[in-house]
Amino acid sequence: MPERGLPETIVPSPSFREHVQERSGENVCACYQCEKCTNGCPLAFSMDIVPHKVIRAVQLGLKEQVLTSDTIWICASCETCTTRCPNDIDIAHVMDCLRQTARSEGTKASQPQVAVFHDAFLASMRRFGRVHEGEMAVTYALKSGGLKGLLSLSGMGLDMFRKGKVKMLPHRPNREVKDIFRVTERKG
Amino acid sequence: MEVSIYPGCSLEGLAKAYGESIEAASKVLGVSFRELEDWTCCGSSSAHVTNDELAVALAARNLAIADRTGSDLVVPCAACFQRLKVAEKHLKAGKAVEGVPRYDGRFRIRTLPDFFLEDVGEAALRDKVKKPLTGLSVACYYGCLTLRPPKITDAKNPDNPKEMDRVLAALGADVKPWSFKADCCGGNLTLTRPDLHMKLTQRILDMAEEAGADCIAAACPMCHENLDSKQAEISRESGKTYAMPVFYFTELMGLAFGELDVQKWLGRHTVDPRPFLQGKGLL
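Protein sequences appear in the order of chains V and A. Counting from 1, one number per residue, gives the positions in the first sequence under the numbering used here. Counting from 1, one number per residue, gives the positions in the second sequence under the numbering used here.
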């Protein structure tokens, strides 16, 4: 993925920065661009805006560039950046906040299949209280790639079935988990 | 010795061999793992992407159950461990969490290697060895989320953890020092960006080889699956042959303790480790 440059002329828009600071509780203004996050990031090679530039873009209020970036969906949440930041910015949490914002604002994910995966994962959790891997994988494959997606997964699925790695029946639904989803979604 | 365990969703499916070998190894050691009653998913990698409150509440529900048992909670999955620790920090800071009206938190959340090392101990582990893991050169892979970020995980040694190394060394394995113990395997990109996930995995396999290891030990369902299952595909794409056995460290414990079910667990792997172990005279 070629790295994307930021625009040459920028009119800072503080409202997006304020939104991110408030939603995440992280002080992104503390970043002085030391680049430790980017240097430690195992996925920086595949990002269009590397992590320290994402933070800079948030400082400058470049909302659209950030929310439409590949970076926020490629980040694997390994937390190396968070661990190494000398200014104690939980960068992985800022990435969470950016994904949450993209979702709540209906911004089209540049890596749509990642959003589909998280939806399938959460739907399984909500339905059964525990994630049923087989059901989750089938839902993901169908929603991200249709029948072709399902077919491409079938080889792996069959092999796992033969090795006894597929749990057959899902867990029974859990009322408390459904309540947690309902209440936190209403708030968040 | 009795202790609570939060198995996590993968232990009955993807990581069946892990669940089976945990049970067998703990039985030999006289440890009784009591499954947390009515546990539910920790929220894993998807809840925190969507909604912070949802993520904390899903994990915290399980901590509220553990709170009532009062005994330490062992967590054999890196992602579950970290999500439960995040919720613990919230609760201990007195923040309001949906569905958890009261929390005392008089127990610790532990990784499995840490539990075996600290509570069972090297001497007790050595005592039970019937077949020392002599000649096995192992690189121990801990997984990012048992370690990072240390202010959440309370990891003693986040860059160079030693717990699994010491457990396997006590069983006679030649444990290799290496610098990729805590590097990311791209776990949550397995289905969505297999290309990136395979690049990260390949690097870990290469580094284990460079360290002189002939196999890897893991302590997490996703870590194991990621390192084990894509090696044929990585070989095809890169032109270099990868066939490095990847074990759950509890399988190696079972092997050293002379457990008869080892063959069944290993039969669930993608890279079949049985010829490798036969070659070492261990099977």
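Just so you know, these hints were derived from the structure itself, not from any lab. Just so you know, even glycine gets a beta-carbon here, dropped at the ideal spot from N, CA and C. One or more of the hints may lead you astray.
As the list claims (entries may be wrong) - Derived pair list, reagent style SDA-like, types lysine to any residue, alpha-carbon separation capped at 20 Å:
#	chain 1	residue 1	chain 2	residue 2
1	A	Lys-176	A	Asn-157
2	A	Lys-151	V	Pro-86
3	V	Lys-163	A	Ala-243
4	A	Lys-95	V	Glu-185
5	V	Lys-167	A	Lys-95
6	A	Lys-156	V	Lys-167
7	A	Lys-240	A	Gly-267
8	V	Lys-167	A	Asn-157
Claimed, not checked - Residues from chain A that face chain V, not an exhaustive set, calculated with beta carbons under 10 Å:
#	residue
9	Met-1
10	Val-3
11	Leu-14
12	Gly-43
13	Ser-45
14	His-48
15	Arg-61
16	Gly-70
17	Asp-72
18	Arg-148
19	Asp-183
20	Leu-191
21	Gly-212
Cross-check of the supplied hints:
{"no.": "1", "hint": "A:Lys-176 x A:Asn-157", "result": "17 Å, holds"}
{"no.": "2", "hint": "A:Lys-151 x V:Pro-86", "result": "13 Å, holds"}
{"no.": "3", "hint": "V:Lys-163 x A:Ala-243", "result": "18 Å, holds"}
{"no.": "4", "hint": "A:Lys-95 x V:Glu-185", "result": "18 Å, holds"}
{"no.": "5", "hint": "V:Lys-167 x A:Lys-95", "result": "36 Å, violated"}
{"no.": "6", "hint": "A:Lys-156 x V:Lys-167", "result": "35 Å, violated"}
{"no.": "7", "hint": "A:Lys-240 x A:Gly-267", "result": "25 Å, violated"}
{"no.": "8", "hint": "V:Lys-167 x A:Asn-157", "result": "35 Å, violated"}
{"no.": "9", "hint": "Met-1", "result": "27 Å, violated"}
{"no.": "10", "hint": "Val-3", "result": "21 Å, violated"}
{"no.": "11", "hint": "Leu-14", "result": "5 Å, holds"}
{"no.": "12", "hint": "Gly-43", "result": "7 Å, holds"}
{"no.": "13", "hint": "Ser-45", "result": "6 Å, holds"}
{"no.": "14", "hint": "His-48", "result": "5 Å, holds"}
{"no.": "15", "hint": "Arg-61", "result": "6 Å, holds"}
{"no.": "16", "hint": "Gly-70", "result": "21 Å, violated"}
{"no.": "17", "hint": "Asp-72", "result": "22 Å, violated"}
{"no.": "18", "hint": "Arg-148", "result": "4 Å, holds"}
{"no.": "19", "hint": "Asp-183", "result": "6 Å, holds"}
{"no.": "20", "hint": "Leu-191", "result": "6 Å, holds"}
{"no.": "21", "hint": "Gly-212", "result": "23 Å, violated"}
Hint compliance for this structure: hints 5, 6, 7, 8, 9, 10, 16, 17, 21 are broken, all remaining hints hold.
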